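Novice: Single-letter residue listing:
Protein chains: 2
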Amino acid sequence: MRPKIYLFGDSITESSFTYGGWGASLAHHFSRTVDVVLRGYSGYNTRWAVKVMERVLPAANAVAVFFGANDACLPDRCGAFQHVPLHEYKHNLHSINRWPNTLVLLITPPPIDEEARLKYVFTILASLIHPYVENPTGLPERTNEAAGAYAKACIEVAGECGLPVVDLWTKMQQLADWKTAYLSDGLHLNETGNRFVFEEVVMKLKTEGLSLENLPVDLPMISEIDPNDPLKAFEG
Amino acid sequence: MRPKIYLFGDSITESSFTYGGWGASLAHHFSRTVDVVLRGYSGYNTRWAVKVMERVLPAANAVAVFFGANDACLPDRCGAFQHVPLHEYKHNLHSINRWPNTLVLLITPPPIDEEARLKYVFTILASLIHPYVENPTGLPERTNEAAGAYAKACIEVAGECGLPVVDLWTKMQQLADWKTAYLSDGLHLNETGNRFVFEEVVMKLKTEGLSLENLPVDLPMISEIDPNDPLKAFEG
Chain H
1 MRPKIYLFGD SITESSFTYG GWGASLAHHF SRTVDVVLRG YSGYNTRWAV
51 KVMERVLPAA NAVAVFFGAN DACLPDRCGA FQHVPLHEYK HNLHSINRWP
101 NTLVLLITPP PIDEEARLKY VFTILASLIH PYVENPTGLP ERTNEAAGAY
151 AKACIEVAGE CGLPVVDLWT KMQQLADWKT AYLSDGLHLN ETGNRFVFEE
201 VVMKLKTEGL SLENLPVDLP MISEIDPNDP LKAFEG
Chain C
1 MRPKIYLFGD SITESSFTYG GWGASLAHHF SRTVDVVLRG YSGYNTRWAV
51 KVMERVLPAA NAVAVFFGAN DACLPDRCGA FQHVPLHEYK HNLHSINRWP
101 NTLVLLITPP PIDEEARLKY VFTILASLIH PYVENPTGLP ERTNEAAGAY
151 AKACIEVAGE CGLPVVDLWT KMQQLADWKT AYLSDGLHLN ETGNRFVFEE
201 VVMKLKTEGL SLENLPVDLP MISEIDPNDP LKAFEG
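Going down the list, the sequences are from chains H and C.
Residues in the first sequence are numbered consecutively from 1, following full-length UniProt numbering.
Residues in the second sequence are numbered consecutively from 1, following full-length UniProt numbering.
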């Protein structure tokens with residue numbers, strides 16, 4: 001049986017098997033070593049994640065936990081029903097870290113491009129997803145400052161629990177043009193953003209001992225099969 | 001527990017989670033309904049697949065069986081160690097169809113662009129994979145005619161067992177420029193070829209009742225969650 005990595009998160013996870021998505025890239029990277037299992041739920045926050053985690057996550061070797069973008073929706077704006085207070089977000093992340101023998105990798109929410117959120121979400125998506133959620137304020141449902149507070153809280157939980165963490169919020173903003181370089185609509189990842197997350201996750205898993213160098217390969221590689229006696233590789 | 005589809009095949013399967021790969025596209029298509037599990041083994045033929053199938057395939061809801069490209073290597077050329085005679089290929093496919101309650105979908109090998117095989121394989125790949133396999137004949141290791149014979153045999157097995165089958169060999173060649181439209185090196189799929197396989201597999205699974213219309217969605221969609229009482233969706 002191969003080890004399994006569950007990807008447990010919101011829409012950034014649910015959409016991670018699109019062209020060049022970070023989930024698909026992980027599955028390709030580990031194609032002969034690890035099963036990558038998708039458990040992404042668009043729009044979900046940690047409050048809802050805690051309600052469902054026992055149903056959707058069996059004991060796994062590793063879980064990438066990637067929530068916070070929806071928790072960080074502002075409580076007085078149109079995404080309020082997805083908002084989770086900061087202290088509860090931290091408590092929920094503690095609850096999700098519930099398996100003694102599972103490597104839990106936390107991922108912070110990405111930074112937010114507020115102008116792009118206004119431009120994309122309330123002209124295109126809102127009418128499709130929730131026709132009755134209106135945005136009379138003309139303000140974005142998320143701010144970069146709020147996302148940063150949740151990222152900081154996520155890193156604190158990692159420290160408290162001794163868990164590895166990918167600090168997307170900080171790392172992405174180290175690039176001057178992070179808004180267009182990594183994001184497609186001010187929140188979700190474009191191809192380069194997906195590549196960034198993939199590389200960060202691979203690097204972090206490696207520091208935890210989960211890497212191609214350490215994992216057994218499922219069945220002999222073609223280069224290990226003797227052309228003069230191929231079946232020898234499958235004996236025993 | 002979500003249903004599982006195993007993708008069991010050779011390098012065309014192992015590489016199916018690259019950019020726009022047919023496996024990744026399937027995982028995205030079924031992101032909230034089905035787990036797509038990768039079991040691709042580069043260079044493998046049905047003889048080796050039969051040796052390992054009990055180890056790598058637990059009882060699954062569905063298995064896409066995509067072998068034949070290596071079986072069809074010609075026995076008197078440089079890929080001879082991968083060759084499996086036609087009658088044994090058929091017998092092996094019968095053996096792989098071993099689960100009474102599993103939907104087995106057969107996929108024929110794709111057509112072969114012999115000129116591209118010569119150009120790509122023996123200048124780039126052979127030295128990397130098997131430095132000691134030489135090609136003094138200057139002839140390709142696979143021919144389109146041979147691939148066609150294995151595709152025909154695959155379709156016969158599907159008929160004998162009452163299994164669905166995707167006839168890639170025939171369907172791809174219905175396009176005049178199939179060699180460049182679908183293939184990257186005369187054998188493996190480019191992005192359009194991957195898209196083609198993805199669409200054919202989705203269509204065939206649908207005729208067998210495995211489609212988004214028929215499958216339960218894992219957890220409530222965000223559009224089904226009441227903004228005024230979100231937790232109601234997670235009761236019971």
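Read the hints as simulated data drawn from the structure, not as lab findings.
Incorrect hints may have been included.
Treat identical chains as interchangeable: a pair holds within one or across any two.
Stated by the list, open to error - Heads up, simulated DSSO-like pairs for lysine-lysine below, C-alpha to C-alpha not over 30 Å straight-line:
{"#": "1", "residue 1": "232", "residue 2": "90"}
{"#": "2", "residue 1": "232", "residue 2": "51"}
{"#": "3", "residue 1": "179", "residue 2": "232"}
Since this is a predicted model, take the numbers as computed values, not measurements.
Novice: Which earlier hints can't be squared with this structure?
Specialist: 3
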